[in-house]
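Number of protein chains: 2
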Amino acid sequence: MTKLSPSEIEQKLSEIDGWEYQENAIHTTFEFNDFKDAFSVMTRIAFEAEIQQHHPEWSNVYNKLQISLSTHDSGGVTEKDFTLAKTIEEIVAAES
Amino acid sequence: MTKLSPSEIEQKLSEIDGWEYQENAIHTTFEFNDFKDAFSVMTRIAFEAEIQQHHPEWSNVYNKLQISLSTHDSGGVTEKDFTLAKTIEEIVAAES
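In the order they appear, the protein sequences are chains A and B. Positions 63 to 158 (my numbering) are the ones given, in order, by the first sequence. Positions 63 to 158 (my numbering) are the ones given, in order, by the second sequence.
The shape of chain A in the complex, shown without the other chains (with noise of 0.2 Å):
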């Protein structure tokens, strides 16, 4: 899996909303109205995680997610990373 330059990395972002790429890795922070809300569209997403053996770095606190997004091996950030940001888009606007 080959890693995006940062310009291939931007015009991708201008495809998804709310995400921003920094240190090596894109992100994104959600919040929902409560921890219930937060760790059911956690566990939807780590489904799909799961089944496209990439994962997440992620933090939650209540009602807030943290999310970053990078492929390891490649040491930056590849398609794959913008295949399960789309996925988890379309899951917490699913969810709302």
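The hints are simulated quantities; they were obtained by calculation from the structure and are not laboratory data. Incorrect hints may appear among the rest.
It does not matter which identical chain is meant; a pair holds if it fits inside one copy or across any two.
[What the hints assert, rightly or not] Listed next, the in silico DSS-like pairs over lysine-lysine satisfying Cα-Cα at most 27 Å (straight line):
#: 1; residue 1: 126; residue 2: 142
#: 2; residue 1: 126; residue 2: 98
#: 3; residue 1: 126; residue 2: 65
#: 4; residue 1: 74; residue 2: 142
#: 5; residue 1: 126; residue 2: 148
Quick caveat: nothing in here was measured; it's all calculated off a predicted structure.
Put chain B on the given structure of chain A with help from the hints.
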């Protein structure tokens, strides 16, 4: 819920393995076989946290899980944090 003193916290920390007190919270880390094992444990913890109405600050990447507990309303560590910490230890022990 009363904030515990540092000496009360140290006393209680001596009763559970692998936790430390730092920056007004108690912290631990776990390492599992893989993402599925880590997220399975997170799911069991999530249910218990919701029952206790007390939620962790936690982060996960693949098989690693970091957990910090504090009681926001009390500005520090309280009995609630130790109750949840013991529950977490029981869940992890049961899964291992």
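Structure-based check of all given hints:
1. Taking the shortest alpha-carbon separations for residue 126 and residue 142, both the intra-copy value of 24 Å and the inter-copy value of 21 Å come in at or below 27 Å.
2. When the C-alpha separation of residue 126 and residue 98 is checked against a cutoff of 27 Å, the pair qualifies both within a copy, at 11 Å, and between copies, at 22 Å.
3. For the identical chains of this complex, residue 126 and residue 65 are inter-copy neighbours only, at 24 Å across copies versus 29 Å inside a copy, given an alpha-carbon limit of 27 Å.
4. In this homomeric assembly, residue 74 and residue 142 come within 27 Å of each other (Cα to Cα) only inside a single copy, at 12 Å, whereas the closest approach across copies is 44 Å.
5. In this assembly of identical chains, the alpha carbons of residue 126 and residue 148 lie at most 27 Å apart whether taken from the same copy (19 Å) or from different copies (24 Å).
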